[in-house]
Amino acid sequence: MIILTGLVYSLYFMVLGFAARASYHLLNQSKLFIEKKTDFSAHALFLGIFLHTAIFNLFQIIGLSNSMALTFTMLGLGLGIAIIITQAIKFGFHVATIKPSKNNVITLLLIFTGSLAIYCNASLLPEMAWDSWMVWIGKANQWYQHGLATPVNSFDQWITHQDSIFNGSAHYPDALPLLYLLPKLFGWNSYDTMLVFYLIVFAMMTLLLVSRLERKSAPGYLQMLLVVVIYTTPLLNNHLMITGYADIWMAMFIVIIMLTLIDYHEKGDIGVGITLLCYLAMLPMIKLEGWVWLLLFMIAHLLVSLANNPHRFKFLGVFAALAIIFWFMGGLHLSLPFGNIVINSEKFEFLHLINARIAFTNITPEVLLGFFGQNNWSILWLGLPFLLISFWVTQHNKASQVAHLFFMLALACFFFLFYFTQASQWAKDLTALNRVVLQLVPCYIFLLFKMLIRLKGVATEKPSANPIS
Amino acid sequence: MRSRPLIFWTISIAMLLLCLFFPVNQTTKNSTEPLSLSSLIKVEPKFLTYLDNKFQATVVGKLTMDVKQEKVTQDLTDFDVFIVEGLDMDFNTQFSIQWQVDGISHSQSLNHNTKSITPIDFKTTDSEKIDNLQLVLQSTYQLNSQAAVPKTVSFSSIYFDHSSNQNIWEHQTTQWFAFNPVEINSINGYSNSYPLPLKDLILRLVMWLALNILLYLFIKLNGVHLIVSFGLAWLITTLPFISNFLKQHQQMLNAYPNGHKYINTLDENLFQLAQTIKVELNHLSAQSNAPIKYVILGSNQFEYLRLFYHLTEFNVGLSNRFLNINDAKQQKLIYILSNQYREACNNPQAEIWAKNRFSLLSQQPEYCLVEAL
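Which chain is which? The protein sequence lines are A and B, in order.
Take -1 as the starting number for the first sequence in the numbering used here and just add one per residue.
Take 2 as the starting number for the second sequence in the numbering used here and just add one per residue.
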């Protein structure tokens, strides 16, 4: 029953995402081209998650009751199905028939085995993740009891505002509680449904990664190794087994954004661009640090655009001049209506995201312990120096440059945060140190395997769509 | 150059064996004889019996076994490993060795394996300073909703030894395959314990892979060979991981034989407490004309957070500050005092924060309800 509700719930998101794609083609009066069914389903699922979150946020804003929210959701689902049928009748779908290879079947079996093994352990565990029962399921429980539109406040606000409810993490974004809420409204066990849902979404992400490696001419054994690595990386496995943390969602969306960004640069399709924007918008809806990753994606995109611009040296000159001016002025101090930007040798403040005193703390022993000693990542981080070197010594197209640059910026931010701010306390206790890294790991694994394809004699002889990548 | 792969793999496998089994930080102390504790354990006989060539310890919650140190003639600091052979223990029990040095307590959890070999650092070089040496068997209740049922732990021998007396293969593999349980804080890292069982293996494999990469660059052969070596290294770390994963499955089956409605016994008790409180809160809500806000007085600890979780059907908050009704603006403010805060209901004048701040509504053995003035 639990597996069934999880599957039905996944199907709901896929229908939402599929309907969004179909409506785009309906408006353009064009045929919907489905190149690979697994890729299409995966993207439909992720897009559906965004749509669900956005729609439920809208329900909260307009103050719908739970029963009305459920009614509108069912109506929305019906509308989605109607759009898909209309598209099918009016313009149709073009589904490419790709005969599954032996490699595809083995890969699917590996993913299924990995998911099943994790399910066997996870289904025995109670809802034990603190973040989950206090914040994610916690908020969903509260909305279920008091109404979806009831404002959630911190203690000081709650005590003075009537008709609001209290949650210790009221300022956290709402995407994950909204994912937990709908099964509750259906009367299902939301924890167990979400456990299956986590595994399905993760499996879809893995399928997309494998598919992308295949497109880059990765041999079958490398695709299978990727699946094995993803499912047996201890902390990834642990986060799926102990269900309820948001970091794994950030990890999945970051890697999906990276893949979609590569697609967008390679195809230049507006539909892909819109999908990319939806995925990017999802980041701050999951966790607060999503704003940082969102900014880094934008910065990476901007820097790569500038680096490929014929006037890049002029831009570099202007940037260097500004840096020198700010240096002489004692740093950058900007007061904006939506927060301050202060960067100097003593303080780093960026809007409401971070306001930290700069002080160096040596956390190298903890970094080494977290990266290697605790067996969170097995031997994965040995590849980092090679990945960084490969970025500089090999030629990449613009899409790949953005992906690599994002990863390097994210890693630089990570090290800055833990070495130079008070966040070092969470490195010292080996907590956030591991969990923030987790958000980047699927993306790192993908880049690592992409690098391995470039080794002599590894790529299959099948002609690649993009020889430089 | 067909011989290149052969050369690569011959050197590579030789390096792998060397990296895996090269003894590091091992001092040679051939003269050290093992110190058996079999006859040195001091415990009530009913809790430790010898049957079928095995010691059978009965654990009800916790069993502490003192070691008769006065009968130890050898220097304890000569030993660097503690060994338990034939260990048979369920995955929700922890076996540890505890001692004191200059009044400071130290503890070391023993590796959970049939032959358990655990590195020991006494934190002193002077054997005379080591006292209160104890063996402790303890049921863990962090993730367990079972009552404290008696458990039997058996072992055939138990002794201190020096690592140089041990077979290096056995010494390494028992570390790598040591059990790492699921705990409430497991998510922060695969293993928070010390010594880290797989640290040594990972560092050895990292060294091997680094050498392999150099060899690959030097011999200049097909990249497939490098990927195979990466896959092999991954497999070596994955085997202990999968073994542990299966043991964790057993741990959870034992911990939650009847399903997992509650995290642990404490959580179940808090749920029962919440049910009792709910009856009173429903009554109070029905009687009042003004809106009521309920506040659990407490900190961000498991006891208070779970009570809050079980009471979310009410408009409930959690704070460690006691506020007056003026702060709540036109709303009744009713506090739920449990644990140490409940004492204030007995004698409000004794607590500074409670003095003339509330009127008592209800007093129960586990909690009381007060209305802020």
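Don't take each hint at face value.
[Claimed, not checked] Subject to a maximum C-alpha distance of 25 Å in a straight line, what follows is the list of computed DSS-like cross-link-like pairs (lysine-lysine):
1. B/K55 x B/K130
2. B/K55 x A/K426
3. B/K200 x A/K454
[What the hints assert, rightly or not] Chain B regions said to be covered by chain A (calculated; three or more residues, Cβ under 8 Å):
4. 201 to 209
5. 224 to 230
By construction, these hints were calculated from the structure, which means they are not laboratory data.
Every residue gets a Cβ at the ideal spot worked out from N, C-alpha and C, and that includes glycine.
*Unsatisfied constraints (hint numbers, rising)*: Numbers 1, 2 and 3, in rising order.
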